[in-house]
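Going line by line, the protein sequences match chains A and B.
Counting in UniProt numbering, the first sequence runs from 1 upward without gaps.
Counting in UniProt numbering, the second sequence runs from 1 upward without gaps.
Incorrect hints may appear among the rest.
As a list, the in silico DSS-like pairs of lysine-lysine whose alpha-carbon atoms are at most 25 Å apart [to be verified]:
hint: 1; chain 1: B; residue 1: Lys373; chain 2: B; residue 2: Lys461
hint: 2; chain 1: B; residue 1: Lys63; chain 2: A; residue 2: Lys20
hint: 3; chain 1: B; residue 1: Lys400; chain 2: A; residue 2: Lys20
hint: 4; chain 1: B; residue 1: Lys199; chain 2: A; residue 2: Lys61
hint: 5; chain 1: A; residue 1: Lys61; chain 2: A; residue 2: Lys20
Computed list of chain A residues with no C-beta within reach of chain B, every gap over 12 Å [unchecked claim]:
hint: 6; residue: Leu3
hint: 7; residue: Pro54
hint: 8; residue: Ile58
hint: 9; residue: Asp63
hint: 10; residue: Thr64
Rather than coming from a laboratory, the hints here were simulated on the basis of the structure.
Note that beta-carbon positions come from the ideal geometry of N, C-alpha and C, so glycine has one too.
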Amino acid sequence: MNLEQIEQSVRNFLIEDLMKDELEGVALNAELGLDSLDTTELRVFVEENFSLDPSKLIAEKLDTLEHIVGQIAEHVKG
Amino acid sequence: MISSKYSMLWDAAASKSPISYGELDVNLQECLTSGDGLFDHYGGRTPFVFLETTGIETLVVEKSEHSDECVDAYNVINCTGGYGAGVLGGNLNFLSERVSAALNTAPVMNDEHHSIDRLSLVKKIKSLIGEHTQTSASDWDVSFTSTGTEAVELAMQMSLMTDYQLGTDTDTSGKDVILACHGAWHGWATGANQLLDRKQFTGGIPRVAGYEVVFMHYGELSSLRDMFAQYKGRIRTVIVEGILGDGGVIDASEQWWSELEQLARDESAVLIDDEILTGFRTGATLALPQGRIPDCITLGKALGFGLFPLSAVIWNNKKLNLRAGVGVRTFNARPFQAQIVEQALDFIATNDLNSNIKLIGDALIEQLKEVQKQFPTIIRDVRGRAGLVGIELERKYARKGRLVRDELIRAGVLSEVESGMMMTSIPKEYRIHETLRMTPPLGMDIQMVPRIVQAYVDVCKKLEGANA
Ligand SMILES: Cc1ncc(COP(=O)(O)O)c(C=O)c1O
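So here's chain B without its partners, still in its complex pose (with noise of 0.2 Å):
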């Protein structure tokens, strides 16, 4: 911290005394006055230039409130990693020199050919997947895409594709109905945007044709069996997430996930777990119950660490098949990522970061639930698994939770906002508030615990003051 070239900024921060703006180096001065020049899909970015990191503070500064001339600095806590990406926060330090090997020696080729590196992770990433759904590892095909969405792309493209005969251009299925949940989010293409419900996503891309779309409430025992009977015969592919993710957050039942999984087999349906946001996160390597044995698995997000896009199709291989040509894309972990990721995946093993994670989330979840007691008309509800909590916005800030986001980053913690269910089209009692979401790092140290949880009291008593 000493040898940053921020140094003066984080005194700043540590003494929360605020800075001249005429200081600051001309880029940083741009960035505050008018970002960093990227287009805005929000409707309204924040005030806020993140500058560098140690460990998991990072140093974050906006143009004071009070005067143009000065701006303030922050010590934050970052309890996101980008979208729940950077799964093990700024600790890659391990990393180092593998990296740099890697940089110099990996091959820069295409996936026509064999990798050893890549051959590790393959095996790597199928025991994890036999071990979690107690079956064998090579009952699983691994195919590795980029992003997110493109992993959900192939899900459902190989789900669609396997009973369709080339030869005599049918499709042997005689199924129509894919089965969604209400809230879930699966990505920004104009596939996986087919299993959305929001109109503020959908209007205006168009609908598949031949295929219907239905949605039940995710974690619903009754809702689950009222669509598989209302659909009966017709239920090509269902699609749920690890944990409801933008939905709010919410966790499902063992016996909801093996009725899912029993019914889902008796209508011979594709059943897709969707773990991009899950998976490597809630102190296990799925949020699956562990025993449950889905088609078919998309991971992401944390499985590049923040560092690059990764992502991954993980399918039984009994079940579902690729045609040859289908799939292609330039990247399929490349040999460097491979590496990379291999070696953080052992790192996870190794300092068992999935039992520091638990108690860092169940630490978080009881204190923020005394939170919740103490500012009941702020805090509606809390909840979540290991390293995925949510914290529900109580009626006055269901819909402000970019506001109250604001304010927690000046206090010192970043969280991010989840949508909920606040759509019209859905029942009231189903509705959810805009819900904040906390993914810390598996290894965070749980001496940040009080810290964290003493941000979300000064900012529910801020927030109270200004209402009184």
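Bound conformation, chain A alone (with noise of 0.2 Å):
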């Protein structure tokens, strides 16, 4: 998976999954706002989808979209 598609991936599941309308199209470099019940449901989110294990996830690093796909392209990749 590239990065454009993790980028698709998270986008929809913002959008369609936390039902964050006011995240369309967001900025790579955007403040998402996320709230603790939010990076949760990002977690099960990312183990699911990515297989990824969860807790590789820096916390502080769930703040933008640019930050999260980053994360999830260096463990899938590894």
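Got two chains here, each in a separate frame; can you build the complex from them with the hints?
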């Protein structure tokens, strides 16, 4: 999976699963403002969709799309 | 209301005029500014301070959002009883003589000894369960616990210990699967926690070794049949709620219950019906269809009438038993509690409050469905039964139930927020958005219904206006 595909999949998750319509088309480096419940769901999503151990995700870096995609990409390829 | 020390605030609520913060007593000021000091389990408690109740109306205040110097007061119809416990609302005057007599005369004693007060309550509960399940009252045994969680723990322990042979240290059932429901809530203890399927509750709490807990979709026939087929011969215990509560107020059909009972019987599995939220709420003793016979029933919340924690485990004594020494606890319905609970249960029967709450529930559901038609972008569904009404929010508010709940308080109605089922692990077609829950008191006057519905209309208008 390349960066673009990962980004699209996270975008879909934000809109379809978290129902954050306000994040439609959000810029890569914009603050997403996810709360702890949102990030819990994000971890489950990452585990199920990328077979990635969610404890590998650094909590402080779940703030922007760029950081999230970057973290996933790093572990998926590794 | 006139003689209340808060009459100034009641008046302010009636006239919808703010009051000066400086005029309030210092404790109230402290509560408004920094809260009551209890730990915040919610990641954000509300700004509201509850002051006093007359009948079903509660005086609630918060600091004005417009000025730090001002406080807004609201007269709020309490449709929750505090997580569904206060099933008679503030209608408890009839208990005052009994309470004051019991305070002086009820023995303070444990349950190694016997008490006439307990005898009366036990007989009453067995007979109510016998009537509802159309079985003999003598088929049932009862033990009391304090919280709902404790009742669930005891029920689960009993189901797991019944086939355990202490002499040989072996389990003769040979079964290792517990079947529970997606989105269910059964309480906050390590045992009850095994029955939950949400990461935010289960993360960090160890899973019990030797058992696999699997989840079905509540009320779905195909899911029920699939799970029993897939785990045939392995299912030890099945636990379901009378109506799925925190998962979004979801009712199951008579056919689902009847197949569930049959499948559990064919599998020789123990069927636990958790009625902690639903007991005495839905116009009957239980939400379970009459004539269905689970092996074990848990009651809680309403059993203590919002006054004290009291819960119960009621089991079919042909199927389950408790080893000597198991389940002993400090509180097992003290005579004081037994006297009060028995009188309150009589009050429900004498005043036919079950019929009343069915009328209230029907009216609320019918009228709120009209509100849904008017505001389809805010309300997704209205459902429930008698004293358990759910208003599922539409996408835009799917995760903003707390915001809507707060606006409803300002508009004069207290509701609570059920989580629904928004977990990524659940297929999209089964997901349920956050759902507002109302559990109005059984004796509520039907005249209150239009006021409640109007508050929902007002809030929907305000939300729609804010989005325009
Ligand atoms: C169905 C159900 N079971 C068990 C419990 C746990 O009860 P308690 O909070 O009194 O421990 C609850 C509480 O919300 C409940 O709704």
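How the hints compare with the structure:
Proposed proximity of Lys373(B) and Lys461(B) is supported: the alpha carbons are some 13 Å apart, at most 25 Å. Among the hinted pairs, Lys63(B) with Lys20(A) is inconsistent with the structure: their alpha-carbon atoms are about 30 Å apart, more than 25 Å. Between Lys400(B) and Lys20(A), the direct Cα distance comes to roughly 11 Å. Compliance with the 25 Å bound is thereby established for this hinted pair. Among the hinted pairs, Lys199(B) with Lys61(A) is consistent with the structure: their alpha-carbon atoms are about 20 Å apart, no more than 25 Å.
Proximity of Lys61(A) to Lys20(A) is assessed by CA-CA distance (about 19 Å); at most 25 Å being required, the pair is judged to hold. Every CB of chain B lies more than 12 Å from the CB of Leu3(A), the least distance being 22 Å, so the non-interface label holds. For Pro54(A), the requirement that its beta carbon stay farther than 12 Å from each beta carbon of chain B is not met, with the minimum near 9 Å. Non-interface call for Ile58(A) relative to chain B: holds, since the shortest CB-CB distance, roughly 17 Å, exceeds 12 Å.
The Cβ of Asp63(A) sits about 17 Å from the closest Cβ of chain B, beyond the 12 Å cut-off, so the non-interface label holds. Non-interface status of Thr64(A) relative to chain B is upheld: no Cβ of that chain comes within 12 Å, the nearest being about 20 Å off.
Violated hints for the displayed structure, listed by number in ascending order: 2 and 7.
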